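Protein chains: 2
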Amino acid sequence: MNTRRSFLQKLSAAAITFPLISFEDCTNADQAGSKTYDGPVLRVAIMGLGGYGTRVADAMVDCKKAKLVGVISGTPSKVKAWQAKYNIPDKNCYNYENFDAISKNPDIDAVYIITPNSLHHPQALRVAKAGKHVICEKPMALNAKEGQEMVDACKKANVKLLVGYRMHFEPKTLEVVRMRMDGELGKILFFQGLSGFRIGDPTQWRLNKQLAGGGSMMDIGIYSINGARYMVGEEPVWVTAQESKTDPVKFKEGVDETIQFQLGFPSGAVASCLSTYSMNGLDKFYLNGVNGFAEMQPSTGYGPIKGRTHKGELTQPHATHQTVQMEEFAAIILEGRKPVIPVDGEEGLRDLRIIDAIYEACKTGKKIELR
Amino acid sequence: MNTRRSFLQKLSAAAITFPLISFEDCTNADQAGSKTYDGPVLRVAIMGLGGYGTRVADAMVDCKKAKLVGVISGTPSKVKAWQAKYNIPDKNCYNYENFDAISKNPDIDAVYIITPNSLHHPQALRVAKAGKHVICEKPMALNAKEGQEMVDACKKANVKLLVGYRMHFEPKTLEVVRMRMDGELGKILFFQGLSGFRIGDPTQWRLNKQLAGGGSMMDIGIYSINGARYMVGEEPVWVTAQESKTDPVKFKEGVDETIQFQLGFPSGAVASCLSTYSMNGLDKFYLNGVNGFAEMQPSTGYGPIKGRTHKGELTQPHATHQTVQMEEFAAIILEGRKPVIPVDGEEGLRDLRIIDAIYEACKTGKKIELR
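Protein sequence lines, in the order shown, are assigned to chains A and B. Residue numbering for the first sequence follows the working numbering, beginning at 1 and increasing consecutively. Residue numbering for the second sequence follows the working numbering, beginning at 1 and increasing consecutively.
The following block holds chain A by itself, in its conformation from the complex (with noise of 0.2 Å):
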């Protein structure tokens, strides 16, 4: 029986919850703030405070679990505007070249690393040199080699490594994924994905290859690597793609423009992806099974996702995205949580052996194998 009890049986067995209490206790500051809570909170301190830093800061206000108490910038002006938001005391506050002291400090639980890609590998080996927890986003790093290096450096430092999917708390996407794993869809066939936006911006770091690593499949390409692997629910054996690039100023050597790829999965899946930097609001995704199929538009974005099946419109509330990441990051970190679709260290390296090789599939033309 496809229920919801069997479905929930299955989770209870794999050790494996739903965010169900968070989508409650993280819509909006002041349902947080009218409920006591005196359960363990992790302590975080945010490096990098740009736009998405701001961005999680601003969410985290809504947390109960986690709470910004530090901060880690080149920028003192940042700091102070941080400190004087957040309420953030000085003897938390940290630049890029004193912050491995946070080691000694026993007020902070973990570093949320949100600087370019690049800089992703040194700074997580820096914050678990530490001893301290690191959540970093994504892409986690610049390739799998330096993505294995970061697990291995968190495991030797018995540290937690957590990577901002934050799409993998999300309600309407969750519902997808317990439609597939409860066999709603049956046999999956085909998955499609296209991420785009249209860059602004040509001095930005997210079109500086030494900062970024790559172009728009290191930025906005990844969500439909990730999305096909969790809506698949497999690990693709295969990658083909091709690179194309109309706008070659823009999109310097090394940045991408657009990449289509594709992948094969064991069952014989394959998916059909789009990633680049030069169409506006591309943000779907398409899910074809035997029995079943799902689709969202907006599939990844901020703001509410939006989605039907052949069931119907998707209705679970919306809830904000890095709110409930950071509820759940705390409780898998202070509670042992485990989450339907993994955020740890190797589910962002499974995402960046495939970004490996759609690269080396745009170099040399050629299908490449993965294990």
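Each hint should be verified, as a subset may be incorrect.
Chain copies aren't distinguished; within one or between two, either way the pair holds.
[Unchecked claim] With a cut-off of at most 25 Å between alpha-carbon atoms, the simulated DSS-like pairs for lysine-lysine come out as follows:
1) 129 - 156
2) 187 - 245
3) 245 - 367
4) 250 - 187
5) 104 - 367
These are computed hints drawn from the structure, not numbers from a lab. Just so you know, these numbers come straight off a predicted model, no measurement behind them.
Start from chain A and add chain B according to the hints.
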């Protein structure tokens, strides 16, 4: 100014016309019957009285410029039934042995070939030799070589060769093409076509390599190929493709179950397409331009097409595709009308060249350059 007028001016300059009349005249029999028409009529014999042949015959009842007057079939009982249903005289009935004698029949102008794919080529050559206009269901032939021979034969015989591209007259499709031609979508960046259905009876000719010449690509994938071309408005310069098979019993050697293929266009636009015989109801087009988009679902089915653009829902009325097609084909043959999207042998040939390249790309794993 991107107005309807400017678009019509362009059309007028190009001596092409939208089938505006047909939509009014061909929606139902009563309407057609209530109008007097005393212009020239294209007298058509249908070759191949199967499911699609029947659909065309029924649709032609509502035409005024085209009339079903003859049949060519290997099954006498079918011939009898059609004679009764469509009032076809004995002298206009042929079988596959004797239909060359159609050359001596002054009451038939054209033959619509609606037989298994592999028969199109030899039959078209015979029809051309008999001096009758050739209308051929798609795919026009099994490969570009055969297609070229058909084009040459019809040219030599001084008869027209038209291919059954019914979507080329579909009002919502034409509105999107108009928007693209008028610049309303801006520079075109991406087309996505998903074409497929779950094929039933494993004994049907469509799953027989000898008769079908391939699998899903020859039957339904061609819609995405053709759609990519008329939606993007360019001819592709490269093709990559990946075949996958989950049921090698049903889909034997040379009969493709699922093929993903990608096209690159001179402007830098790319297309990502899927052709499959194993997924239900996959019938989606998506066109992305710098200034807008269009999406259609269903995009090529017989029923009403549905779609929307950045400007809103497409509301052009549905008319039976086959009725409009035959009315337009008659106008092309009898009045020299030029359709917005070509339907001649050269058009069919362009799709066949791409099909050849797709099969080659699947076999070699290589990117195939198209002249």
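Of the numbered hints stated earlier in the document, which are not met by this structure?
5
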